[in-house]
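> Chains as they are written, first to last, in the numbering used here: chain G, 1 to 316; chain E, 1 to 316.
Calculated directly from the structure, the hints in this document are not laboratory data.
It cannot be assumed that every hint is accurate.
In the DSS-like style, the derived pairs of lysine-lysine whose C-alpha atoms are separated by at most 27 Å in a straight line are [claimed, not checked]: (1) E:K245 <-> G:K256; (2) G:K298 <-> E:K268; (3) E:K7 <-> E:K159; (4) E:K245 <-> G:K184; (5) E:K268 <-> G:K268; (6) E:K184 <-> G:K298; (7) E:K185 <-> G:K245; (8) E:K268 <-> G:K299; (9) G:K184 <-> E:K30; (10) E:K298 <-> G:K267; (11) E:K299 <-> G:K250; (12) E:K30 <-> G:K298; (13) G:K299 <-> E:K267; (14) E:K298 <-> G:K30; (15) G:K268 <-> G:K245; (16) G:K185 <-> E:K298; (17) G:K299 <-> E:K30.
There are 2 protein chains.
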Amino acid sequence: MFRKEIKVIDCTVRDGGLMNKWQFSDNFVKNVYNALADAGVDYMEIGYLSSKSAFDVKEFGPWKFCFEKDLKKIIGDNEKRIKLSAMADIGRIELEDIPLASESSLDMVRVACYVHQIDKAIALAHHCQDKGYETTINLMAVSTVGLRELNESLEDLNKSQVPIVYLVDSFGAFYSEDIDTLAKKYIERLPGKTIGGHFHNNQQLAFANTIASIISGANCLDATLYGIGRGAGNCPLELLLSFLKNPKFKVRPLIKCIEEDIFPWSKKIEWGYSIPYMVTGTMNQHPRTAMAIMESDKKNNVLEYYDEINNSVGVF
Amino acid sequence: MFRKEIKVIDCTVRDGGLMNKWQFSDNFVKNVYNALADAGVDYMEIGYLSSKSAFDVKEFGPWKFCFEKDLKKIIGDNEKRIKLSAMADIGRIELEDIPLASESSLDMVRVACYVHQIDKAIALAHHCQDKGYETTINLMAVSTVGLRELNESLEDLNKSQVPIVYLVDSFGAFYSEDIDTLAKKYIERLPGKTIGGHFHNNQQLAFANTIASIISGANCLDATLYGIGRGAGNCPLELLLSFLKNPKFKVRPLIKCIEEDIFPWSKKIEWGYSIPYMVTGTMNQHPRTAMAIMESDKKNNVLEYYDEINNSVGVF
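With the sequences and hints as input, model every part of the structure.
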């Protein structure tokens, strides 16, 4: 599938950091940075933009904040090798803490929001655009959003200046048919904008749904090395670049980085398909209960967990 | 996706046994048998039909052979709870070793073959039909078959009496677009026959490709508990039954069996997505070199493996 408009955004550090509070060594982040640049990946999402007032810098590693001094440590004295992105959550970043793009190593700010935050997200994205950044809005948990609300959100996004809007499957609940249906709606209702795709692997469909989004016309694609990320993880970057036939992409640097930098983390933190994440995915629920089970000594008691989730659903 | 014609075939013991020479305890096989019956699965593929002259009964467990005495141990004194299937490889079973269906607990024989064996496969399937069995032909490794050969094979199959023909992705090389294209061809060229799908997980697409085959019209679907199977494994049965909306299917008995019977095996044998299997999948190769690496002490040296495979391809 060669389409020159396609851009790939690696979220290894940003999404993987959800599992270890961004306690990655500088060396790890540098290796990922160089591997992505060598592989021809378009953007590296290196972390979150957060204010010190929102999170304790003693508890969280540098990529929860993306301060310029930390970005500089990764880039070093040479020219920046790949565009850098940071994600911003509503309410976690004070506007005055966002530097001008001309004074930052970041190129893009991606604003993540739930549907009830769409106006705040647009305002934050416009603020970042005014400061000189590329921006996206990543509307999360769409699998739980009603049709009227979704239509209204898309109308708001259509009127905005934000050029890229993401279709996000936060809970890993979507089948490819859902992607076909929703991507078509996003494209129809957001004429002139670029559609992105970010999918989770609760049902082993993150890569398949990324392909489905490409076929439907999405041109901004998220992935992570070896699928690292919260819970069931993400679309594996090595699979995505193997699928995309654009000659600018190279898989070998990713394999090297997976062996040298990701395998060691796979012994310390756990991500990928498992029954609790499969259960929340099929039930279209936030994975928090599955994460709690997976971090407890009951992680193999999957029948008990399955019954609890099904019985609590029965209450409604 | 509720379509009453859809039948699900569990291959846990047959395909999982490729990893341990079918050295499952009777208790394990009984538990799988009861779980599948409780879940409403249509067929349990319990092993291979092989002759003693082809394999050593001391080296291989009972499910490499599927002798009636062993089948009886699983079924016990009660009525059989689920239809049983066995797979037959060309050249591994003498015709005289196949009992009449009326004297066997097996209901179905599935003949697996490569494209050059298609005539032998049809003859073996016809022989089994004459003995009273349901039959299928599973044409393997289609991702390596040329167009003329495939068309000729489908013509042979079309003329045969075999009612079910499987689209098989032996190497885990197919994307959903391949499934769409091939399933359409199978359906057009095999009017009146049922199409089946059997997919491997080298690119995390076994479940996605099973869905793609359903959408294209396949009505016989293979899966295994927790995806157990050779190499990258299969479509996970728990995902497939969660997707199918036929009320006869129940997921809970599968979750119970996974916890009690499959988790213990996951500590002894390894299956699922890994970089070597991803490499053979994306390169459309038999997974044998990846299996050798995964069983060696070099299983984490994935860059060296990647280079070896790519360099050896360069020779052609």
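> Any of the earlier hints contradicted here, and which numbers?
Hints 1, 6, 9, 15 and 16 are the ones this structure does not satisfy, whereas the remaining hints hold.
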